[in-house]
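I would like the entire structure built from these sequences, with the hints used as guidance.
666 is the number that the numbering used here gives to position 43 of the sequence shown; each next residue is one higher, with no gaps.
Hints listed in this document are in silico derivations from the structure and should not be mistaken for laboratory results.
It is possible that some hints are incorrect.
[As the list claims (entries may be wrong)] Listed next, with one range per pair, are the computed distances between beta-carbon atoms: (1) K758 x S673: 28 to 34 angstroms; (2) I682 x L754: 43 to 49 angstroms; (3) L630 x V666: 49 to 55 angstroms; (4) F691 x T737: 29 to 35 angstroms.
None of the values given here were measured: they were computed from a predicted structure.
Beta carbons are placed, not taken as given, at the ideal position from N, Cα and C, and that holds for glycine.
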Amino acid sequence: MRETGMLNTHQGLIVVYVALNVPFAIWILRNYFLSIPKEMEEVAWMDGASPVRTVVSVILPQARPGVFTAGVFTFTACWTEFLIAVTLNSADAYRTIPVGMALFGDQYDVPYGTIFAAATVSVLPIALLVLVFRKAVVSGLTSGAVKG
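Next comes the structure, spelled out in structure tokens:
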């Protein structure tokens, strides 16, 4: 990261988070995509749809809950990640929420109330996201669980 000039940048964090979370998302989505009936693809092919049209019009609408669930999990993993953010970003302008909360205290004082308030506020976006779309998250978790 130092050689590419990506230390203390948002782009550096984005590259690392994507590299770490794409395998996790693929692992989540694998069973979900396997649960989509192969016949749907074949019917689209018989109707004359191109491979791109089949993916966009047939596969992705059925996979929306699984993609959303993988997105929520990867967003949560990035949002709460500490070690990479503290390693790659030392400038105050690029600190993430977990790193900022870790720096609230000093050597002799730990402001537990302030840290708890910051933790509560930092969890609100994730909680609201899951609360609003809980039906999609639950169906995304359970749809790929059973094959057959």
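Legend entry - Distance restraint evaluation - I682, L754, Cβ atoms, bounds 43 to 49 angstroms: violated, 28 angstroms
Inset, instruction - For L630 and V666, compare the CB-CB distance with the range 49 to 55 angstroms and indicate the outcome. - result: Distance hint for L630, V666 holds at roughly 51 angstroms.
Inset, instruction - Confirm or reject the claim that F691 and T737 have a C-beta distance inside 29 to 35 angstroms. - result: At roughly 34 angstroms between Cβ atoms, T737 and F691 fall inside 29 to 35 angstroms, so the hint holds.
Legend entry - Distance restraint evaluation - K758, S673, Cβ atoms, bounds 28 to 34 angstroms: Check passed, 32 angstroms falls within 28 to 34 angstroms.
Of the hints listed earlier, the one the structure fails to meet is number 2.
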